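Colleague: Sequence:
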Amino acid sequence: MIYIYWAPPRKGKTFTCTAEALKRMEEVHKKRLKDPDFKGRVFSNYPIEHPKLGFCDVWKPEYVYLPIYDSYIFIDEAYRDFNSRKHKSFTDDEHLFFSTNGHNGNDINLIAQNPARIDLVIREMTDTFFYVKKTEIPLIGRPLWFTIDAYLTEDDFKRRHQDKEAMYNRSHLRFSGKVARAYDTHYFRKDCDEEPTFVNWSEELGIDPGNRKAERSFLQNAIVRIKDRFSSPELVTDE
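According to full-length UniProt numbering, the sequence shown is numbered sequentially starting from 1.
If you're looking for bench data, these hints aren't it; they were derived computationally from the structure.
Hints may be right or wrong, so weigh each one.
As the list claims (entries may be wrong) - Think about it this way: if two alpha-carbon atoms lie no more than 27 Å apart in a straight line, the pair counts; the simulated DSS-like pairs of lysine-lysine are: (1) K30 to K11; (2) K23 to K39; (3) K213 to K178; (4) K30 to K178; (5) K31 to K134.
What you are looking at is a predicted structure, and each value in this text was computed from that prediction instead of being measured.
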């Protein structure tokens with residue numbers, strides 16, 4: 001099956017998928033104990049560490065060309081690899097990988113801020129779209145739980161306000177420190193070899209940051225210039 005988890009930034013998409021990945025890691029571990037020949041694995045393109053079972057396997061885009069069976073795959077920021085604007089470069093092998101996920105027993109979980117950014121071919125084959133919402137403590141901002149609304153198609157989500165039956169299912173996931181500690185939420189941050197240098201507005205305007213009078217004077221003069229500009233006779237027109 002193919003699943004897409006989506007929501008605005010910092011609403012719990014990755015948390016929700018990580019919670020699912022931890023359960024799948026336990027499931028795969030039990031299957032291997034019963035059957036040493038079981039080939040299923042859990043992959044992710046961001047580090048997920050189970051407190052008892054360790055890390056899952058790394059997912060790389062080129063793995064779509066490999067024979068992978070009975071596995072669970074979690075891909076965060078999925079539009080980086082399967083962008084809707086790059087549909088012309090979507091290869092036959094990539095199409096085959098997604099279209100045969102059921103035959104191969106794979107569950108593919110894609111995370112994105114908006115499903116429209118994921119390739120259309122993949123969206124058409126998606127089994128369920130999950131929209132994640134976070135409930136948190138006011139002012140403090142600590143998460144309490146997440147609400148996961150399931151829709152069978154993108155169109156179902158778009159008409160959710162007009163049709164109450166458009167939503168297929170709703171579930172809730174309590175916030176858990178175990179899950180929060182299992183992954184690195186900042187994994188996709190850009191690393192720089194050199195610390196970037198930024199310019200403060202006081203430098204840009206040539207004002208001594210310690211001289212507040214000069215700062216206020218500059219702002220007052222700017223306001224006067226704006227007023228003069230809009231009161232200029234050139235801007236007055238006859239009706």
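Colleague: Sort out whether K11 lies within 27 Å of K30, counting only the CA atoms.
Modeller: violated, 31 Å
Colleague: Do the alpha carbons of K23 and K39 lie within 27 Å of each other, as the hint requires?
Modeller: holds, 17 Å
Colleague: Straight-line Cα separation of K213 and K178 no greater than 27 Å?
Modeller: Measuring from Cα to Cα gives roughly 52 Å; hence the hint is violated.
Colleague: Starting from K31, check that the Cα of K134 is at most 27 Å away, please.
Modeller: violated, 33 Å
Colleague: Under the criterion that the straight-line Cα-Cα distance not exceed 27 Å, is the pair K30, K178 satisfied?
Modeller: Measuring from Cα to Cα gives roughly 20 Å; hence the hint holds.
Comparing the model with each earlier hint shows violations of hints 1, 3 and 5; every other hint is respected.
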